[in-house]
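Participant: Those protein sequence lines, which keep their order, are chains W and F. Mapping the first sequence onto the numbering used here, position 157 (from 1) lands on 286, and the numbers just tick up by one. Mapping the second sequence onto the numbering used here, position 25 (from 1) lands on 58, and the numbers just tick up by one.
Some hints could be false.
Stated by the list, open to error - Subject to a maximum C-alpha distance of 30 Å in a straight line, what follows is the list of computed BS3-like cross-link-like pairs (lysine-lysine):
hint	chain 1	residue 1	chain 2	residue 2
1	F	K138	W	K377
2	F	K179	W	K311
3	F	K221	F	K203
4	W	K296	F	K138
5	W	K287	F	K203
6	F	K138	W	K216
7	W	K377	F	K179
8	F	K231	F	K221
9	W	K296	W	K246
10	F	K281	F	K221
To be verified - Negatives, chain W to chain F, calculated, CB over 12 Å:
hint	residue
11	T139
12	L148
13	V156
14	F164
15	M166
16	L177
17	Y181
18	T192
19	F195
20	L199
21	K216
22	L226
23	P233
24	W244
25	I315
26	L374
To be clear, the hints were calculated from the coordinates, so they are not data collected in a lab. Keep in mind it's a predicted model, so treat the numbers as computed, not measured. For every residue, glycine included, the Cβ atom is placed at its ideal position computed from N, Cα and C.
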Amino acid sequence: MTNSRAGRWTLAILAHLALLLAWYLFVHLGNVPKFVMPSPEATLNALLQPNYSWWTNIAVTGTEIFGGYLLALVVGVALALVFTWSKLLEAFFMPLLVSLNMIPKVALGPLIIVWFKYGVLPNSIMAFSIAVFPILLTTARGLREIEPELLDLVRSLKGSRWQLFTKIQLPGALPYIFSGMKVGAILAVAGAVVGEFLGSDKGLGYLMLQVQVTLDTPAMFMAVLIITLLGMLLYGLVLVLERVLVVKDARVV
Amino acid sequence: MAWSWSWSAYSSSRTPGLSEPFIHLAGVRKHYGEHLAISDASFDVMPGELLSLVGPSGCGKSTLLKILAGLHAHDGGELRIGSPSHPFDPSRDVGMVFQAPLLLKWRRILQNVMLPAEILGLSGAESRDRARHLLNMVGLAGNEDKYPYELSGGMQQRAAIARALVHDPKLVLMDEPFGALDALTREKMNLELLRIWKEAGKTIVFVTHGISEAVFLGTRVVVLTAGPARMADNFEVHLPHPRTLDLKTHERFGEYTRRIYRLLGME
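Using the sequences provided together with the hints, build the complete structure.
Facilitator: Rendered as structure tokens:
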């Protein structure tokens, strides 16, 4: 069963259903109070509360996650590329970026709010700042791994920098970029939500703080669930893209 | 190319005035900072010759190859590639083969072979036909749609040779192309290379540290020595074409290899 594709899928789905069942049984058989742990049905019912404006909050958090993530991807890859053009720039900025990476990005939250106020922008910046480093570092690594003779081959034909990038460097570094993108995807979700905790007036993280006050635990559960689903959606998109773009043999696990 | 390659035919093609050297080096020198990478490199290569550049590691043979490829500038002496009868465009007349096949893992074999043509902006349909023809020539017909990892090391190197020829360059530079192959595959690839060279009619500069490989393949051998890096010898190889493995037991073959061994201080 573990050998076939269908078998693996079946097992994966079974594991999720088993967790759901365990949750259901635990709450019902254990008579757990709703405000401690709601049942799956109660969690689902939380969606019916119109004053929680789920769709708006989902849209806001989703925008922060995907926006910050896309920005991190573009900036991370572009910076890594610039470093391959200039050894000096790389030697100057790379150690600095490694140091900056040591800053717990969450600790920057209050500052980001001071600088950019509340809203989608500062939370996107939070998601960006936390996701950009793994992407930058793995891309830089991937670009370094490209055999110098391949670059010689293109240069001997007087190929342009753009040709070098699109035909050799980018596809060559792609397996590494994707491994950074996977780490970055998880971090971007955390960044956006923490940003919302620290200060915002919309979004699922904001909603969680609101319903916490009224001890509406089912709504908190639902918010966590949706955030997880948003993360899975982003991660899934990255996996699909990797499957399409990276030849099997070249994938970095 | 209507060459009948025998020793005598080769000699007659060298009639003075009929043909000027395709590559001319006189006292070429290259430093990297304090380090002298190559000095006294002086030799001529006629169009269609296969020049073996042989020497130990650190003798500057790869440096010389990079200079010929236009990747590095020499800093002394005279270097000319091309002649009125064989004009040379440095941006599109160089093909390169390295020790590793260095095929792009994410491209199929046919697309790998087409890479130089793409970079030069040559017509897609034409270069596709040419790539197919070359794959056929190097014995890889039927492998066009495979990925590199599906081919053996020797097959990958054949694809790399096809890639070096796809844009129809006048000069093919090979940097120890068979150095990573096992001994038997290497012998086989030597024979293949001679066949491809004859069929494609290119001038080839072949860098190797294999002394018998240098003699077996070359119409001319240039010997470089290390510490100090300089050119130690330059001679024509008068062995009949087409060359067969029997030649390795030929008395003259032994003389040539001994001559190189002696220069490299191994006798």
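Participant: Next, verify each hint and record whether it holds.
Facilitator: Hint check results:
1. K138(F) x K377(W): holds, 9 Å
2. K179(F) x K311(W): Distance of about 29 Å is within 30 Å: holds.
3. K221(F) x K203(F): holds, 24 Å
4. K296(W) x K138(F): Roughly 12 Å between the alpha carbons, so the hint for K296(W) and K138(F) holds.
5. K287(W) x K203(F): This hinted pair holds, its Cα atoms lying about 16 Å apart.
6. K138(F) x K216(W): holds, 26 Å
7. K377(W) x K179(F): holds, 13 Å
8. K231(F) x K221(F): With Cα atoms ~16 Å apart, K231(F) and K221(F) stay inside 30 Å; holds.
9. K296(W) x K246(W): Cα-Cα ~42 Å, so violated.
10. K281(F) x K221(F): The hint holds at about 14 Å.
11. T139: Check passes; 30 Å lies beyond 12 Å.
12. L148: holds, 38 Å
13. V156: holds, 49 Å
14. F164: holds, 54 Å
15. M166: Fine: 48 Å to the nearest Cβ keeps M166(W) off the interface.
16. L177: holds, 49 Å
17. Y181: Consistent with the label, Y181(W) stays out of reach of chain F, its closest Cβ about 46 Å off (over 12 Å).
18. T192: holds, 32 Å
19. F195: Consistent with the label, F195(W) stays out of reach of chain F, its closest Cβ about 26 Å off (over 12 Å).
20. L199: At about 23 Å from chain F, L199(W) clears the 12 Å cut-off, so the statement holds.
21. K216: holds, 16 Å
22. L226: holds, 28 Å
23. P233: For P233(W), whose nearest Cβ neighbour in chain F is about 37 Å away, the distance exceeds 12 Å, so it holds.
24. W244: holds, 41 Å
25. I315: holds, 26 Å
26. L374: violated, 8 Å
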